[in-house]
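Number of protein chains: 2
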Amino acid sequence: MAPNLEPFFKQVDTLSESFIERLRKAVAIPSISAEDDRRKDVVRMGQFLASELESLGAEVQQRPLGKQPGKEHLELPPVVIARYGSDVNKRTILVYGHYDVQPAGIEDGWATDPFKLTVDEKGRMYGRGSTDDKGPVLGWLNAIEAHQKAGVDFPVNLLCCFEGMEEYGSEGLDDFINDEAQKFFKDADAVCISDNYWLGTEKPCLTYGLRGCNYYSVAVSGPGQDLHSGVFGGTAQEPMTDLVRLLSTLVNTDGQILIPGINDLVAPITEEEKKLYAPISFTMANLHESLGSKTTIHPDKERTLMARWRFPSLSIHGIEGAFSAPGAKTVIPAKVTGKFSIRTVPDMDSATVTDLVHRHLTSEFAKLASKNTLDVSLQHDGKWWVASPRHWNFSAAAKAVKEVFGVEPDMTREGGSIPVTITFEQATGKNVLLLPMGSSTDAAHSINEKLDRRNYIEGTKLLGAYLHYVAEEPMSE
Amino acid sequence: MAPNLEPFFKQVDTLSESFIERLRKAVAIPSISAEDDRRKDVVRMGQFLASELESLGAEVQQRPLGKQPGKEHLELPPVVIARYGSDVNKRTILVYGHYDVQPAGIEDGWATDPFKLTVDEKGRMYGRGSTDDKGPVLGWLNAIEAHQKAGVDFPVNLLCCFEGMEEYGSEGLDDFINDEAQKFFKDADAVCISDNYWLGTEKPCLTYGLRGCNYYSVAVSGPGQDLHSGVFGGTAQEPMTDLVRLLSTLVNTDGQILIPGINDLVAPITEEEKKLYAPISFTMANLHESLGSKTTIHPDKERTLMARWRFPSLSIHGIEGAFSAPGAKTVIPAKVTGKFSIRTVPDMDSATVTDLVHRHLTSEFAKLASKNTLDVSLQHDGKWWVASPRHWNFSAAAKAVKEVFGVEPDMTREGGSIPVTITFEQATGKNVLLLPMGSSTDAAHSINEKLDRRNYIEGTKLLGAYLHYVAEEPMSE
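Going down the list, the protein sequences come from chains U and P.
Under full-length UniProt numbering, the first residue of the first sequence is numbered 1, with each subsequent residue one higher.
Under full-length UniProt numbering, the first residue of the second sequence is numbered 1, with each subsequent residue one higher.
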């Protein structure tokens with residue numbers, strides 16, 4: 001065991017009820033970034049965080065981001081940045097989290113008040129933001145407090161970057177990070193983000209990769225306005241007819257992308273990589289449980305994990321402009337816009353993907369010989385990210401997991417994207433580690449979001465232990 | 001000219017301003033049947049109509065229809081039925097219309113207050129309900145009044161059936177008509193409905209056919225709940241992928257229905273029928289204007305009219321359960337329901353059509369080898385209708401058109417359905433004539449709905465002249 005961990009761990013156990021009380025106070029502030037009326041609560045949550053950090057002795061700033069684009073009557077909530085320690089002989093670790101939450105209301109079907117932390121007999125702590133991302137953010141504060149009360153020297157200088165708009169697209173954050181990379185964040189030796197989840201419920205993981213996402217619109221338009229299908233059916237070429245035909249050429253039932261050239265962009269699997277998947281704690285039963293069905297594509301774990309992490313996928317999300325309500329309406333929509341996205345992986349280049357999408361849809365549309373008009377556009381793209389899991393940032397975290405949980409962590413990637421990861425990597429040029437606290441069943445973004453007491457308390461130990469190991473880990477890569 | 005028409009016509013011209021005033025009062029009552037808060041105005045409109053009829057000497061009843069299904073806190077507005085005249089030596093004509101209107105608000109983009117009749121320099125009378133259907137309904141009242149003031153004997157006994165829920169599916173009306181067919185309506189010798197439109201703007205028409213409509217839902221479901229495409233993309237079979245593939249097999253860009261067997265159900269075209277289309281006042285330019293584009297399927301008028309009136313068509317209306325808002329959302333919808341309808345024509349049998357739809361979709365879904373679940377259902381069907389245009393009811397109307405407008409009317413069918421038509425035909429066993437007052441540019445259901453002054457005043461003459469000719473037309477068919 002690294003020196004001084006034992007008294008820190010004991011102190012965390014001693015303080016566990018007060019840590020839960022801290023989370024209770026945070027969950028009670030409905031800091032919903034997507035709702036204008038809650039903006040004052042988002043700001044209040046930032047203030048709560050700033051004052052907790054100050055009372056722990058950190059140097060704190062609340063940095064304004066200006067007006068919210070498109071909602072100029074609203075000020076964006078501040079980024080709460082903090083420095084705890086400035087010993088030039090210590091490594092400096094930059095940690096990121098967010099203090100805003102997804103919308104929630106008891107009327108959505110919550111079993112308990114979403115803004116009242118409710119702990120059941122199994123130690124499941126229900127409340128909006130419990131796991132995403134207030135629990136992990138407070139984990140860093142808890143670790144500082146436990147060091148102080150245990151009389152253990154804090155092993156690193158800690159830089160904090162806690163934002164209040166993550167659930168609404170992190171408005172303004174990229175520019176802020178880029179601006180501060182060589183200022184407030186300039187001492188950072190590595191970055192740690194705790195804002196994702198274990199692959200399952202028992203075994204912690206370290207995450208070293210994310211898929212990117214290219215999101216496309218494909219619009220077909222013809223008539224000057226929506227038409228009545230009784231009057232015009234059979235006499236006009238219907239945009240919806242063309243659109244479903246185009247969408248049907250993108251992907252098949254087994255998830256194979258049918259756009260020529262896309263699959264050729266994917267980095268080949270190496271023999272070494274193949275071996276990575278077998279040890280990972282994951283079963284098809286886990287997948288069936290989280291899916292709520294057995295409608296899976298692949299028969300085994302290895303191919304499923306590869307499909308999620310290291311192969312692209314294409315999902316058709318919906319159609320804008322067509323009839324979408326319950327019931328029956330006999331409209332011929334004048335303009336319909338299909339939405340689909342491609343999850344990208346190494347070595348897919350975004351511009352090349354977009355070019356292939358354009359070429360494919362243009363060619364398929366030409367086959368229809370339609371008089372309607374096609375318009376394909378990239379709505380947004382976010383690059384895939386893969387870090388080196390052999391970096392000292394990762395090896396330190398792995399030792400911390402072993403110390404706290406007694407197991408080697410799963411080395412995972414995620415199928416989704418966490419755009420701030422790549423922003424930090426590119427802005428600071430440092431290694432970024434994703435070190436999750438919550439588990440796969442926490443229901444972030446859903447009703448009945450929770451964080452298990454074990455994940456919160458042992459997770460606080462994990463964050464502290466990580467800082468100890470990262471302080472003394474030899475340089476690598 | 002039929003006897004006594006001249007003094008009637010003169011009287012209509014004399015009273016024209018007061019007829020417009022009557023329409024102004026009616027338009028001022030926002031009788032929107034789809035809006036709960038406006039139900040009192042629908043009832044008020046029924047009372048207005050009843051009291052106008054009473055002051056003209058008609059025997060009037062306001063007949064309750066009970067609670068509104070699904071909205072039991074609301075009473076359905078009454079059906080206003082009336083009898084004017086009970087001379088056993090005269091024919092009895094049953095006329096139908098509706099006194100409710102579509103929703104409208106200035107914020108939808110109206111150039112004028114939708115509930116204030118506004119007449120421009122070209123005699124276009126703007127207002128919600130002006131053409132659909134308050135103008136035509138008041139046309140019958142105007143005709144009675146002009147006969148009285150001209151001292152001309154009213155040529156028939158008139159039965160009126162004016163409902164207040166037409167724009168909300170005519171809740172309760174079918175049962176009412178069936179109940180009264182051998183009671184209040186038992187003397188009817190023929191039925192006349194003025195609730196559709198001329199094919200163009202210059203030439204009146206008589207309408208003798210309507211297409212039916214079979215409306216289908218095709219649902220594909222798999223996962224237990226909506227999924228995140230980052231997490232599950234590539235590992236689960238997506239219902240939306242399957243659905244767009246199924247929808248792409250229904251119809252092609254040129255409107256050809258691809259479901260095997262459907263086209264075989266259509267009655268063949270006879271040589272006699274072919275000749276009907278050439279004389280009709282309609283051009284491709286008319287169609288392009290109403291479409292707002294040139295994205296038409298057929299190159300000429302004849303084939304276009306046949307495609308609208310006497311061939312089936314299939315329109316895909318939209319998808320329920322998928323992402324349909326503006327912007328980008330990376331959801332994999334768990335259950336998606338495509339909506340499409342088939343406009344039916346002689347001799348298509350609804351049950352046979354439904355059977356072919358089921359067989360086709362089941363077979364196409366089997367080809368996908370998907371683990372998802374398919375559910376196809378008929379949401380509703382309405383039969384096509386074709387009357388004999390050689391019946392005395394039609395020949396009388398044709399003479400009236402010739403008398404008032406100086407032209408032979410176009411003999412038309414409609415691509416859409418007017419379900420009450422077939423209800424009256426089946427309940428009374430009598431010939432039904434559709435005798436429109438408004439023109440194709442009236443924008444019923446849209447913003448800036450209007451009725452041209454000429455259509456209203458000459459239309460009142462037409463309704464009166466029709467009653468004169470129908471009174472003396474020899475029996476036929």
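Since the hints were made in silico from the structure, they are not lab data.
Among the clues, some could well be false.
In this list, chains with the same sequence are indistinguishable; a pair is considered to hold if it fits within one copy or across any two.
[To be verified] Derived DSSO-like pairs (lysine-lysine); straight-line CA-CA distance at most 30 Å:
1. Lys301 <-> Lys274
2. Lys294 <-> Lys329
3. Lys371 <-> Lys274
4. Lys274 <-> Lys122
5. Lys122 <-> Lys25
6. Lys301 <-> Lys329
7. Lys40 <-> Lys294
8. Lys371 <-> Lys183
9. Lys294 <-> Lys367
10. Lys40 <-> Lys301
11. Lys329 <-> Lys40
12. Lys301 <-> Lys371
13. Lys371 <-> Lys40
14. Lys122 <-> Lys10
15. Lys383 <-> Lys367
16. Lys90 <-> Lys274
A quick look at each hint next to the structure:
In this homomeric assembly, Lys301 and Lys274 come within 30 Å of each other (Cα to Cα) only inside a single copy, at 12 Å, whereas the closest approach across copies is 65 Å. Taking CA atoms no more than 30 Å apart as the test, Lys294 paired with Lys329 passes between copies only; the shortest distance there is 24 Å, against 33 Å inside one copy. In this homomeric assembly, Lys371 and Lys274 come within 30 Å of each other (Cα to Cα) only across copies, at 28 Å, whereas the closest approach inside a single copy is 49 Å. With identical chains, the CA atoms of Lys274 and Lys122 are never at most 30 Å apart, being 38 Å at best within one copy and 78 Å at best between copies.
For the identical chains of this complex, Lys122 and Lys25 are intra-copy neighbours only, at 21 Å inside a copy versus 69 Å across copies, given an alpha-carbon limit of 30 Å. For a Cα distance limit of 30 Å, the shortest separation of Lys301 from Lys329 across copies, 28 Å, qualifies, whereas the shortest one inside one copy, 44 Å, does not. Taking CA atoms no more than 30 Å apart as the test, Lys40 paired with Lys294 passes in neither setting, with 44 Å inside one copy and 52 Å between copies. When the C-alpha separation of Lys371 and Lys183 is checked against a cutoff of 30 Å, the pair qualifies neither within a copy, at 56 Å, nor between copies, at 54 Å.
In this assembly of identical chains, Lys294 and Lys367 lie within 30 Å of each other by CA distance solely across copies; the values are 19 Å between and 36 Å within a copy. Taking the closest pair of Cα atoms, Lys40 and Lys301 never come within 30 Å of each other, the shortest separation being 45 Å inside a single copy and 63 Å across copies. For a Cα distance limit of 30 Å, the shortest separation of Lys329 from Lys40 across copies, 26 Å, qualifies, whereas the shortest one inside one copy, 41 Å, does not. In the homo-oligomer, the alpha carbons of Lys301 and Lys371 lie at most 30 Å apart only across protomers (18 Å), although the nearest pairing inside one protomer, at 47 Å, exceeds that limit.
Taking the shortest Cα distances, Lys371 and Lys40 never come within 30 Å of each other, neither inside one copy (51 Å) nor across copies (47 Å). With identical chains, the CA atoms of Lys122 and Lys10 are at most 30 Å apart within one copy only, with a shortest distance of 22 Å there and 89 Å across copies. Neither within a single protomer nor between protomers do Lys383 and Lys367 lie at most 30 Å apart by alpha-carbon distance, with minima of 32 Å and 36 Å respectively. When the C-alpha separation of Lys90 and Lys274 is checked against a cutoff of 30 Å, the pair qualifies neither within a copy, at 38 Å, nor between copies, at 93 Å.
Comparing the model with each numbered hint stated earlier shows that hints 4, 7, 8, 10, 13, 15, 16 do not hold.
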